[in-house]
Amino acid sequence: MKKQNKCRLVAIAFKKIENKLQIESSDNGVGVTFKVINLKNGLHNVENRILVIKGTITFDTKSNKGFKTKIIFPI
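Per this note's numbering, residue 8 is the first one in the sequence shown, and the count goes up by one each step.
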């Protein structure tokens with residue numbers, strides 16, 4: 008299955024901040040609209056699992072500026 012985001016670079020960073028783990032990912036693809044994010048069942052399932060462990064997940068995207076995700080949860 009070919010993706011259409013035209014991404015060529017992905018970065019993933021892990022940081023321990025006090026008693027929390029922060030995971031950030033970003034790419035240089037074309038980005039998506041938040042309407043598309045809300046319709047994706049897989050992302051909804053990930054969000055629910057993170058909330059169960061008292062974590063947070065945020066998305067940041069802009070047209071032609073890529074897609075960023077930040078996940079923070081207690082450890």
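Honestly, the hints are just simulated from the structure, not real lab data.
Any given hint might turn out to be false.
[Said to hold, decoys possible] Label-pair ranges, simulated between beta-carbon atoms:
#	residue 1	residue 2	range
1	K77	R15	34 to 44 Å
2	I78	V37	32 to 42 Å
3	N71	N26	17 to 27 Å
[Unchecked claim] For lysine-lysine, the following DSS-like pairs were computed, each having C-alpha atoms within a straight-line distance of at most 25 Å:
#	residue 1	residue 2
4	K61	K13
5	K72	K22
6	K61	K22
Built from N, CA and C at the ideal position, the CB exists for glycine as well.
Hint by hint, here is what the structure shows:
{"no.": "1", "hint": "K77 x R15: 34 to 44 Å", "verdict": "violated, 21 Å"}
{"no.": "2", "hint": "I78 x V37: 32 to 42 Å", "verdict": "violated, 22 Å"}
{"no.": "3", "hint": "N71 x N26: 17 to 27 Å", "verdict": "violated, 37 Å"}
{"no.": "4", "hint": "K61 x K13", "verdict": "violated, 33 Å"}
{"no.": "5", "hint": "K72 x K22", "verdict": "holds, 23 Å"}
{"no.": "6", "hint": "K61 x K22", "verdict": "holds, 17 Å"}
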